[in-house]
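Engineer: Sequence:
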Amino acid sequence: MFFRAFRHQAFDISELSLSSYSISVARGDPHYVAIPVFLSRAFRHTSVYIRTDKGIEKPEDLKGKRIGIAEYQLSANVWVRGILEEEYGVKSSDIVWVRGGMDTPGRPEKIKVQLPDDITMEEAPEGSTLNGMLAAGEIDGFVGPRWPRCFAEGHPHVGRLFSDSISAAEDYFERTKIFPIMHVLGVRRSLAEEYPFLPAALLKAFTQSKRLAEEALSDTSATKVTMPFVEDTLNRVHTLMGDDPWSYGVGANAHVLDKFLDYHASQGLSPRRVGIEELFHPSTLEAYSL
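By our numbering, the letter at position 46 of the sequence shown is numbered 886, and the numbering carries on one by one without gaps.
It is worth saying that the hints were derived from the structure and are not from the lab. Since this is a predicted model, take the numbers as computed values, not measurements. Beta carbons: idealized from backbone N, C-alpha and C, even for Gly. Fair warning: there could be bad hints in the mix.
FRET-style restraints, in silico, Cβ to Cβ [to be verified]:
#1 D934 / A1056: 40 to 46 Å
#2 H848 / P956: 27 to 33 Å
#3 V1070 / E855: 21 to 27 Å
#4 P1085 / A1041: 23 to 29 Å
#5 E963 / F1037: 42 to 48 Å
The task is simple: from the sequences and hints, build the whole structure.
Structural biologist: Structure follows, in structure tokens:
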């Protein structure tokens, strides 16, 4: 979906990678305009996988290691690199990045990027996958938005850097109040210009949809997801994050967006530091009710 959206502008309305969208805004040629509907959010302490036989016991041990990534520009990877540097002093330039497909050989960046001179990037050998390289010990770890297959299958030497990722994320949120944003909703810019009511209408519709989903999730008399401990997990989340943990809109998320845009620029993905107001359609920056 993202590849088609950014390479071929295939959709009128689409979920968008916050990182790739920010690149297009910084370069001055965004085909879409975003709406502050955050369809994907995640604490990224779950996103760093390591070979447990490579002497990696803490984040600082990643220095000098060869770490696989599917794309440098992935929003999840922007957050991980930012957290590693800000919280643990591990710079992006301290790691050798190996780029390739997770389960299928070869994967291009959605938008071509020019990386800073101090970043070392290698391409995975032709015909190789990052999952296969991690399983074979040919790379020391992997960073990405979902787990590598060898981890899910229980490989004896593949684990998470943060073994108790929930506690690590809870500590991070308590200190920063940041629940990382991955994806936004985008509408074709020409459509927003032709129908200026459309962005605000979409924000309203998606907000109402989220409210219905949250009400259904909270009705634990018959859970709406095939997962145990739903009620306990919801109570834990609300104790930590309040009544609206997955908030939409700019106001409640300005500090999260500012942090992401700081990371994005400092990592060389944006040729300039983008402002929050540049990301979103003006009609969605404030709301009113009658």
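Engineer: Please write out, lowest number first, the hints stated earlier that are contradicted by the structure.
Structural biologist: Per hint list: zero violations.
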